[in-house]
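Novice: The chain contents come next:
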Amino acid sequence: MDLAFSPADEAFRAEVREWLHAHVPRAPLPSLETEEGFAAHRAWEAELAADRWSVVNWPSRYGGRDSGLLRWLLFEEEYWAADAPGRVGQNGIQLLAPTLLDHGTEEQRARILPPMACGEVIWAQAWSEPEAGSDLASLRARAVRTDGGWLLTGQKTWSSRAAFADRAFGLFRSDPDAARPHQGLTYLMFSLRAPGVTVRPIARLDGKPAFAELFLDEVFVPDEDVIGEPGRGWRIAMATAGNERGLMLRSPGRFLASARRLEELWRRLGRPASARDRVADALIGARAYQLFTYAAASRLLDGEEAGPESSLNKVFWSELDLALHETALDLLGPEGEMADTDWAERYVFALAGPLYAGTNEIQRDIIAERLLGLPKGRR
Amino acid sequence: MRFLLDAEQRAFAASLDALLTAADTPAVIRDWSRGDHASGRALWSRVADTGVFALAVPEAYEGLGPRPVELAVAFVELGRHAVPGPLVETVTAAVLLTGADPGTAERLLPGLASGEPMATVATKGAHALDGDAAALRISWEPGRIRLSPGHGPVRPSLDPARRLTPLLPGGDLLAIPADQALTWARLATAAQALGVGLALLGRTVGYVGQRTQFGVPVGSFQAVKHRLADARIALEFARPLLFGAALTMEPADVAAAKVAACEAAYGTARTALQLHGAIGYTAEYDLSLWLTKARALRTTWGDPGECRALVVSAAGDRRW
Numbered sequence: 001m002d003l004a005f006s007p008a009d010e011a012f013r014a015e016v017r018e019w020l021h022a023h024v025p026r027a028p029l030p031s032l033e034t035e036e037g038f039a040a041h042r043a044w045e046a047e048l049a050a051d052r053w054s055v056v057n058w059p060s061r062y063g064g065r066d067s068g069l070l071r072w073l074l075f076e077e078e079y080w081a082a083d084a085p086g087r088v089g090q091n092g093i094q095l096l097a098p099t100l101l102d103h104g105t106e107e108q109r110a111r112i113l114p115p116m117a118c119g120e121v122i123w124a125q126a127w128s129e130p131e132a133g134s135d136l137a138s139l140r141a142r143a144v145r146t147d148g149g150w151l152l153t154g155q156k157t158w159s160s161r162a163a164f165a166d167r168a169f170g171l172f173r174s175d176p177d178a179a180r181p182h183q184g185l186t187y188l189m190f191s192l193r194a195p196g197v198t199v200r201p202i203a204r205l206d207g208k209p210a211f212a213e214l215f216l217d218e219v220f221v222p223d224e225d226v227i228g229e230p231g232r233g234w235r236i237a238m239a240t241a242g243n244e245r246g247l248m249l250r251s252p253g254r255f256l257a258s259a260r261r262l263e264e265l266w267r268r269l270g271r272p273a274s275a276r277d278r279v280a281d282a283l284i285g286a287r288a289y290q291l292f293t294y295a296a297a298s299r300l301l302d303g304e305e306a307g308p309e310s311s312l313n314k315v316f317w318s319e320l321d322l323a324l325h326e327t328a329l330d331l332l333g334p335e336g337e338m339a340d341t342d343w344a345e346r347y348v349f350a351l352a353g354p355l356y357a358g359t360n361e362i363q364r365d366i367i368a369e370r371l372l373g374l375p376k377g378r379r
Numbered sequence: 001m002r003f004l005l006d007a008e009q010r011a012f013a014a015s016l017d018a019l020l021t022a023a024d025t026p027a028v029i030r031d032w033s034r035g036d037h038a039s040g041r042a043l044w045s046r047v048a049d050t051g052v053f054a055l056a057v058p059e060a061y062e063g064l065g066p067r068p069v070e071l072a073v074a075f076v077e078l079g080r081h082a083v084p085g086p087l088v089e090t091v092t093a094a095v096l097l098t099g100a101d102p103g104t105a106e107r108l109l110p111g112l113a114s115g116e117p118m119a120t121v122a123t124k125g126a127h128a129l130d131g132d133a134a135a136l137r138i139s140w141e142p143g144r145i146r147l148s149p150g151h152g153p154v155r156p157s158l159d160p161a162r163r164l165t166p167l168l169p170g171g172d173l174l175a176i177p178a179d180q181a182l183t184w185a186r187l188a189t190a191a192q193a194l195g196v197g198l199a200l201l202g203r204t205v206g207y208v209g210q211r212t213q214f215g216v217p218v219g220s221f222q223a224v225k226h227r228l229a230d231a232r233i234a235l236e237f238a239r240p241l242l243f244g245a246a247l248t249m250e251p252a253d254v255a256a257a258k259v260a261a262c263e264a265a266y267g268t269a270r271t272a273l274q275l276h277g278a279i280g281y282t283a284e285y286d287l288s289l290w291l292t293k294a295r296a297l298r299t300t301w302g303d304p305g306e307c308r309a310l311v312v313s314a315a316g317d318r319r320w
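From first to last, the protein sequence lines stand for chains A and B. Numbering-wise (full-length UniProt numbering), the first sequence opens with residue 1 and increments by one. Numbering-wise (full-length UniProt numbering), the second sequence opens with residue 1 and increments by one.
Since the hints were derived computationally from the structure, they do not count as laboratory data. It is possible that some hints are incorrect.
Below 25 Å or equal to it, Euclidean Cα-Cα: the simulated SDA-like pairs (lysine to any residue) are [said to hold, decoys possible]:
| hint | chain 1 | residue 1 | chain 2 | residue 2 |
| --- | --- | --- | --- | --- |
| 1 | A | LYS208 | A | VAL121 |
| 2 | A | LYS376 | B | ASP230 |
| 3 | A | LYS376 | B | GLY206 |
Just chain B, same shape as in the assembly:
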């Protein structure tokens, strides 16, 4: 039992963090929000080069996986920098397709492992993320998946970086999906949310240390400190749930991690907005790019109620 990331995993996180810090993600996110995908695709391809998408693809199909712990490490960093695009959905598509017949898997998985094409996935009746940017669009119906022939009009999300599209009905029946795809989708979302929360906390701590009122930094007031301490506590206790779930990949463990990470991120978003005041309420200030994402991640791939129900369900795989 040594429940800590090893040196290689920490180095992977640090290298992604450095890559994304240098990439000026706020500008990329704003382009993406307008439907201009060029800078986002360029960033996507650099992210893919680090092997992120290969982590969900078995070695038999030119992937590096399955390696959920490393995937969680990567998605924390993707969330920390609010990288736009169907990141979770591409991973989910890859896991869905590992259940496909060998022909289909061999045809599609090596591409997904390399990050080209972008993929998106929608369960029946739901909107798909970035259906206009993804080349591989999967409709996930109970027990089967289809390759959708196209997408409908883009609807805006509360998070401007998330562009939602219905998928057109019909399309080729691909296969029986792998049933752990939802677990992977939730794990990646939880990790992304934790990263979003950490970024919101970091930015807010920085802000209240500089912003003065009544002649002193706002961050010296106890009311401000206590809200930030609570945010830190929530995020710090979501982290071990995330990595514990990545180790077991039990659906109930992952559901618990998703509740904790998404609630922590959303709570931190509310705190971040409150402590920034009106500047935080503006679209022009970069904080908004993380604020709105925390809200959206909370309900995607299983809202808090659904995930909590799984935790207490007797049929779950919970062993604690």
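One chain only, chain A, in its complex shape:
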């Protein structure tokens, strides 16, 4: 049992830190949920990629550094500690890319990953539908076989980043007669600019179009954009969901950096005693999440699979993030009401944590049934 990183890993950390110190924009970029901010963040992705920092854990042939899991964690710690911009490319990088690396073809990887790595193609998620959120397997958008590909018809909603993104990935019902709702689903990628696609941006609580509704009317997708076998999409998608809930999307460096920022704010405001315990709990929670992740990473490096433990992560980080940002706004008092601050933007983002990537209620069901072994029941 050991928390020390090797000298080579520490050298990697120092290199990351130095690069970030030289490159992180002095002034925060505009919100990535605006057209202007989206473009600025896309340019930042390109800047990261130019020195191969955008996807350090990917194979080098797709733009990564073959860094391995531990160095990815170190990279993330340094990245967030440097207060570097949010990652506009993260849906693709952290959700679609691992799926392609595990289940895609070599042709798909070579075609899709390099433009993803440099922000040339930004990906949106197309999971939820108006009647299929937590119960994702009940989705109805169809994929119908046609010459050389599939025709997509239906409606997707709550598609993060879709207001300004280029392409999307998601599940479609390709066999409506399958015996169970989880069967007969196909995992497909499509262009948000293809004929038949209508994107309707949806304003979230603060008015910014952080997601969108997608209306699909016989949108053609060639066979080469099916991931895995047609009809076998559910299992592949569940691997993606595991990434989303687990450590890849929400790296601990992010919460440690937020907790430190909160502590700084608290000190600057004269350490009000009323908030001391909440500030301490934010720090303790972020440290717990970091160490939990180190243990999880150690198990992954031993060859174990992530499994339902990612549901523990999901509930923990989403509640930590929300509590931390609520504390910040309370500390700021009337100033905390102002919507045009970083704290407010981050608070609004944190509010969504317990909802997306499978609601926390569904995660608690998974924990109870699959980790504690309690009997299945009605929801």
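Chain A is already provided as a structure; the job is to place chain B on it using the hints.
Specialist: Below, chain B alone, put in the same frame as chain A:
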């Protein structure tokens, strides 16, 4: 970086768990609560034979230590089985005495490493745990420790297994204490609390899987599941804090682990009581032996507020 217990550490935990499972600790705890120390001493000596107390004593004084990670491993198991007695205090006494002059250390530490005698420690004005059972009673004043000549009357704790006694004033001045003793006391308490919480969760999961209402197991209700899921989450995230703190032994790290483990255990106790219903509220049902301990451990050796203050204090050694 490999932040996982190794095979030897896991085997140590498993062997202690097996020893304690076979020992019927509920009966031992009930004896101890009545002031009948015989079965508790017998169990204590078997625990000591595994080397638990030697982990806090340097090799120079016939110990195996300092090995805080293994100590944490052991105390999780001691908490899981609610072993009674001044376990944390004996460890704390050993660490205090490593700061003593060599003569005193040589005289007292080998005994503590072997688990005989039991020791207890009280900071100024506080009660000592099990002063009537311990043969070595240490009064810990700022900057100095004294060997207390005796103890006052036993006062009951909310945890019947914890018998609290004032220590008589005066006594020989032993030495300057080692300043990391409080950190060890907190680490061992945090580990014990985590074990208590894990036991409460395990017992409650078992209970709600069997107990039926409305024709189905209580554990199939979502409200029940969600409380247990939250308990599991709190305990699972306290565990890495505990072992991370055992690796660094920084006071702020250990304080963070104590807050998290004790809050998780106490939250699990409340859940366990609620989900057992009235049977859990009775002294005759064994669950009570863990319920009350979770409450007591929360405030001993640094209550949550004190530990949180240390985490945010600028003078702390926190590096995260």
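Novice: Next, verify each hint and record whether it holds.
Specialist: These are the hints, each one checked on the structure:
The suggested pairing of LYS208(A) with VAL121(A) holds, with an alpha-carbon distance near 21 Å, which does not exceed 25 Å. Restraint check for LYS376(A) and ASP230(B): satisfied, since their Cα atoms lie roughly 17 Å apart, inside the 25 Å limit. The suggested pairing of LYS376(A) with GLY206(B) holds, with an alpha-carbon distance near 15 Å, which does not exceed 25 Å.
In terms of the numbered hints stated before, the structure departs from none.
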